[in-house]
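Residue numbers (the working numbering), protein chains in the order written: chain A, 244 to 604; chain B, 244 to 604; chain C, 244 to 604; chain D, 244 to 604.
Any given hint could be a false lead.
Restricting the straight-line Cα-Cα distance to at most 20 Å, the calculated cross-link-like pairs of lysine to any residue (SDA-like) are [unchecked claim]:
(1) A:Lys330 / C:Glu395
(2) A:Lys566 / B:Thr502
(3) B:Lys330 / D:Ile309
(4) A:Lys566 / B:Arg518
(5) D:Lys566 / C:Thr502
(6) B:Lys566 / A:Lys330
Here are the computed distance ranges between Cβ atoms for each label pair [unchecked claim]:
(7) C:Thr389 / A:Glu282: 41 to 51 Å
(8) D:Ile424 / C:Pro277: 53 to 63 Å
(9) B:Thr279 / A:Gly358: 30 to 40 Å
(10) A:Asp393 / D:Ala497: 53 to 63 Å
(11) C:Glu554 / D:Asp393: 24 to 34 Å
(12) A:Glu561 / B:Thr279: 42 to 52 Å
(13) D:Lys330 / A:Pro392: 54 to 64 Å
(14) D:Glu564 / C:Asp288: 49 to 59 Å
(15) D:Ala306 / B:Gly358: 27 to 37 Å
(16) A:Asp411 / C:Thr389: 56 to 66 Å
(17) A:Asp393 / D:Lys330: 53 to 63 Å
(18) B:Glu296 / A:Thr416: 12 to 22 Å
From the structure, some residues in chain D lie toward chain B, with a derived Cβ separation under 7 Å [unchecked claim]:
(19) Ser245
(20) His255
(21) Phe257
(22) Gly264
(23) Val268
(24) Asp270
(25) Pro274
(26) Gln275
(27) Leu310
(28) Gln314
(29) Leu319
(30) Gly320
(31) Ala324
(32) Tyr357
(33) Gly358
(34) Arg367
Since the hints were derived computationally from the structure, they do not count as laboratory data.
Here the structure is a predicted model, which is why all the values come from computation and not from measurement.
We treat Cβ as the ideally placed atom computed from N, Cα and C, and that holds for glycine.
4 protein chains.
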Amino acid sequence: MSSSFGHAFRIHTFGESHGGGVGVVIDGCPPQVPVTVKEIQRELDRRRPGQSEIVTPRNEADAATILSGVQDGHTLGTPIAITVANKDQRPGSYDEMALKYRPSHADYTYDAKYGVRALSGGGRASARETIGRVAAAAVARKVIATLVPDLEILAWVKAIHDIEADVDPSTVTSEQIESNIVRTGDPAAAERMIERIKEVRSDGNSIGGVVECVIRHCPPGLGEPVFDKLEAELAHAMMSLPATKGFEIGSGFAGTRMTGREHNDPFRMVDGRVRTTSNRSGGIQGGISNGEAIIFRVGFKPTATIMTSQETVTASGEDTELKGKGRHDACVLPRAVPMVDNMAALVICDHLLRQRAQCGG
Amino acid sequence: MSSSFGHAFRIHTFGESHGGGVGVVIDGCPPQVPVTVKEIQRELDRRRPGQSEIVTPRNEADAATILSGVQDGHTLGTPIAITVANKDQRPGSYDEMALKYRPSHADYTYDAKYGVRALSGGGRASARETIGRVAAAAVARKVIATLVPDLEILAWVKAIHDIEADVDPSTVTSEQIESNIVRTGDPAAAERMIERIKEVRSDGNSIGGVVECVIRHCPPGLGEPVFDKLEAELAHAMMSLPATKGFEIGSGFAGTRMTGREHNDPFRMVDGRVRTTSNRSGGIQGGISNGEAIIFRVGFKPTATIMTSQETVTASGEDTELKGKGRHDACVLPRAVPMVDNMAALVICDHLLRQRAQCGG
Amino acid sequence: MSSSFGHAFRIHTFGESHGGGVGVVIDGCPPQVPVTVKEIQRELDRRRPGQSEIVTPRNEADAATILSGVQDGHTLGTPIAITVANKDQRPGSYDEMALKYRPSHADYTYDAKYGVRALSGGGRASARETIGRVAAAAVARKVIATLVPDLEILAWVKAIHDIEADVDPSTVTSEQIESNIVRTGDPAAAERMIERIKEVRSDGNSIGGVVECVIRHCPPGLGEPVFDKLEAELAHAMMSLPATKGFEIGSGFAGTRMTGREHNDPFRMVDGRVRTTSNRSGGIQGGISNGEAIIFRVGFKPTATIMTSQETVTASGEDTELKGKGRHDACVLPRAVPMVDNMAALVICDHLLRQRAQCGG
Amino acid sequence: MSSSFGHAFRIHTFGESHGGGVGVVIDGCPPQVPVTVKEIQRELDRRRPGQSEIVTPRNEADAATILSGVQDGHTLGTPIAITVANKDQRPGSYDEMALKYRPSHADYTYDAKYGVRALSGGGRASARETIGRVAAAAVARKVIATLVPDLEILAWVKAIHDIEADVDPSTVTSEQIESNIVRTGDPAAAERMIERIKEVRSDGNSIGGVVECVIRHCPPGLGEPVFDKLEAELAHAMMSLPATKGFEIGSGFAGTRMTGREHNDPFRMVDGRVRTTSNRSGGIQGGISNGEAIIFRVGFKPTATIMTSQETVTASGEDTELKGKGRHDACVLPRAVPMVDNMAALVICDHLLRQRAQCGG
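Bound conformation, chain A alone:
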């Protein structure tokens, strides 16, 4: 289904960039899990615009309201509906963007699919759509915390344009990542990245990059053979985020240039547990977690909105030109970080419950 994700912990999102609001319904959430609006708001605040000098200055409050499923700060087991009102319900008039297809946006494909599209903002293809996901993930995090308290999910900017950060997935902390406005774990790289974003923005251009994510202390046994391999579900989750162009796990594409002798992860008993002495598998073997850190990377293209005149066509089929205007992110990477770690939380939470269904825990 278009707007549903997960099997046991299942979410249904809704909402265009303009109109009444956006949000999510969570079904299958375990009862008696402590959760507050404040915790949901904290994750929403990580993804919203206007947080720093390098992201879009639009200041949207994105205040969450819980309509159902929570009582006295605890889940009831019934569907949890969370909504966030839209500030701009309807702009004064349909503007240029409503008439011309923005290059590398989804205006044309929505028209091609539905014969109609939201004429204000990006509709369902807007980054606002991720609000519902992030709100649901804030709840998923609380479920995970009750089931596997020491499980950690951290994402950070691994690269912006051609600047790579040097981050150790086994030791990086949330504090380190959130200490700089690009959200990377390498302070030196952070400075260069910020500089690059400012340059590009002042040029009316945009850049992309790579987000890396680690899931530490994931219990072995999560994920399913065949179609719902844990890496397949993570890939699905990440490639469903706006602007993503690639996903790789463990050794990734670099691993395709190694030999089996270099690539295999030997097993060894450590403190009575089966461990691997290297982790090119990225924490997953045969689609199932092996207890090592799950590590993956997600590529994001440069923002499609640029301040340059571009060749395009009108909705009625005439060649024309379009020049971006308004205030947009020259680089989505800092805001992509909470999208990645929160989508990972949704996948892990779902698989914890699925594992419970079939194997009892």
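Position chains B, C and D against the provided structure of chain A, taking the given hints into account.
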């Protein structure tokens, strides 16, 4: 669910590498579609071992039987069950592999998940599992042919180890790809790749590589916003194949190092249709096909089975060593090609029917 | 899933009787279907309390808000979220009902399942839960109207307590049904039913009854063999309504006392169409509609809330007594009518789209 | 989906009455559950024809083969495929039934839906289709036995034509039911029922009846609020069986003629547990089991195949007559009993696993 894929054209696979057999049940297949065992067999023959000197010499006939859902060479609209019997139902005795976890295989993780695993061969993690997918895809291809006759799906080996093939996705043909035993569209690279595979095999080692796939003449409008974006479904499909480590679409990870000005695909009217003059989007925008060629790449790790003594542990938790034996693929890439193009066929067929449900065609 | 219904036209409801509000998210709705808040409100008004002297006098406005998925009075193809705010978000204090399990209500079973329950009103087991269903069905009706304009779905009260109405399913009209406050198609029976409800209410007691429903001009071919037979889906839909105790289609339980010779429906060509000369099948054969009127009946138990002291237990496990208070429906049947016809609309709409997916329309 | 049932314990059936065979794939089955072909065969033997003098004398062995998912008599957690070969793959020639629509069978509706149908036997609408369900349920029973050892599911013939059996759901045993060939718990009624079936059969006619089912020692808390209420899922399951016309739970349709004062089930503490002192709720309140016996009834119409000339039409649209021939059940009730209790087992098993997913057990 572990072994189901698709929503409208939905398949359910089953079978371990040993035991009675493997196969698939297809539900939701349109009626009156012409399909024969021979067409299914042709796809199965593309994926089976023993086809050439560079793949595993095990010769498995993999003969398909249609149990239901087809009458007089046409589908009935009811579930189509296809089975392939296993030759080796049960080996003479549980061997070394049953007692020791093979590094970078799924032996340990299956035990961690289920507390039990198939003790002969790789069980459900065996490459034999893909038989059901390929058989179902042979049917999916016939459905696609009735709905969009000129739609083409082609995959080829883009790289093996560090050898890259030079292939033009817009012109490469099935004949070119199948004309060499590595299945690439670049004859010169093919020779070097074959040489490399032979070298590595004689050394008891293994290598990986990259498969590229193009979907030509896909109508605009396929794929769904948000979670079931077409690229997200393709990523899910590909990352569910054994040994995959990465997926990228269009410009992919390389696109993360471009600027928006370099990356955006301008629109232009061509012959009365909306077209893009470049295709860094890879044929999909906002999760929905735009009518351009859909192009993606899938990374496969080097085969985990190698003829070298490796450090590992026993199922009862003792450090030990294991040396691979028997006859295995030193490089899965040639056999990965039909897995990739057939998984793509399953995704496209499913979305053609989903589009029909919601938008009427 | 707990709160999802349908496959192609899929709805997700949420909301407790108290708290922020109730509502629904509709996914998979075709684009470009005309739909207004007013049309949704009209169906909600049919189910809300306070409409007449024989239903509960609580006057709840139940005003619908469309948050997404509709633009300029037409669907966009994206999820349609509809919410209805709750008047009483939280009563002044937890009352007696929060401490004692009401007999034949769901208080105890929610506690048994979740270890927690909504302490105000009936939570998710309240009749308010049906608001989301009815709002979604108002949209489903518009989809049906675009695809099969002359399809009609009508329900009416067939029996209240032991008073049976004499209604001809092939000719009864919406106007006849809505012309009396019990919503039956037999004016004489209506008077006796109203009298009976008033008697019972003044005695602090309650009664149940039977709703009958007809779907006229349903095209042949809807419904699926085996598990999703059209009658199985209708049964599922109806038995998911609060207070239902039975479902029967066509000849129903009475048909079990006939012989095959009496029961079979002969076929005959009429105006070039295959018709049956009797309709004991109730419009469905082998799970698939045959083009005749689909006729079924749903049994509703007497309202569980009565003004009598009843034996019960406390949530902490002590025997006690409870006496109902407040203003409740002595008979839910008049309000059950729109629940039945609207659930039928959801089933039909879903199967129209499923049929389109597999068979092209 | 047409041929899938269940959410956590999910089955996919396939197979026409003629062709290669029928069967089922079970996905989501817990690992390490003991299960043998013999146990599956025992359930299949209960449903197959030729068991006694009052059912169809066709003697079909219906021998089950397990293709996957079971090793050394225990489930592996991977999909379990079970097949039963068809004896008659293809009759010598298409017969009269292929050309004329049999009244009250599904010949016409399959043609109306798919534009094609299995021309031999009843295709997917044949009673053979239930083989896959029953085989899957045999496995479900073993899962239930590991999770809730004292849970019992028993069904019996409650009525045949107008002869009612007097059976106490709280005490009837499997031995009592299986001790007579009609499968009822009332020996006196059994004799009269057998007599009636023989009379009707010798007259070339047929009769229907009612099956009653009890689920004893079901733990409280199973079932979900709203759409997947336990009774809604049971109704769905039962109404998906061939020839069913009605479903009722607890007080059923008779309960619609009671007052609330008569109908409500008082709560009382008994041995430290919350119990009800009557059981008109039928063991389910608000869609969730309350720990009392779950009791429901299913109505089956008289067999459609009768040995009388009947008015009908040809597939090409001409009025004609058809006279049944061959050997058919004059009354399906004895064979419906194992269909009912086994479908109930599938529902309960699924909800036990769903409960584990959300609430941990």
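Query raised in the report: Against chain B, is glycine 320 (chain D) within 7 Å by beta-carbon distance?
Result: Result: holds, 4 Å to nearest chain B Cβ.
Requested in this report: Return the status of the interface hint for glutamine 314 (chain D): holds when the least beta-carbon distance to chain B is below 7 Å, violated otherwise.
Outcome: holds, 6 Å
Requested in this report: Under 7 Å, Cβ to Cβ, is where arginine 367 (chain D) needs to be relative to chain B, so tell me if that hint holds or is violated.
Outcome: Hint on arginine 367 (chain D): holds, closest Cβ of chain B at ~4 Å, below 7 Å.
**Report entry** Distance restraint hint 49 to 59 Å, applied to the beta-carbon atoms of glutamate 564 (chain D) and aspartate 288 (chain C)
**Finding:** holds, 52 Å
Query raised in the report: When you check the alpha-carbon spacing of lysine 566 (chain D) and threonine 502 (chain C), does it fall within 20 Å?
Result: holds, 16 Å
**Report entry** Interface restraint verdict for leucine 319 (chain D) against chain B (beta-carbon cut-off 7 Å)
**Finding:** With a closest approach of 6 Å, the leucine 319 (chain D) hint holds.
Requested in this report: Please test the hint of 27 to 37 Å on the beta carbon pair from alanine 306 (chain D) and glycine 358 (chain B).
Outcome: Roughly 31 Å apart at Cβ, these two residues keep to the hinted range, so it holds.
Query raised in the report: Against chain B, is glutamine 275 (chain D) within 7 Å by beta-carbon distance?
Result: holds, 5 Å
Query raised in the report: Does aspartate 270 (chain D) meet its interface restraint, that is, does its C-beta lie within less than 7 Å of any C-beta in chain B?
Result: Hint on aspartate 270 (chain D): holds, closest Cβ of chain B at ~5 Å, below 7 Å.
Query raised in the report: Is the shortest C-beta separation between histidine 255 (chain D) and chain B less than 7 Å?
Result: Given a least distance of 4 Å, the restraint on histidine 255 (chain D) holds.
Query raised in the report: Would the pair lysine 330 (chain B) and isoleucine 309 (chain D) pass a check requiring their Cα atoms to be no farther apart than 20 Å?
Result: holds, 15 Å
Query - lysine 566 (chain A) paired with threonine 502 (chain B) [C-alpha distance capped at 20 Å] - result: holds, 16 Å
Violated hints for the displayed structure, listed by number in ascending order: 1, 6, 18.
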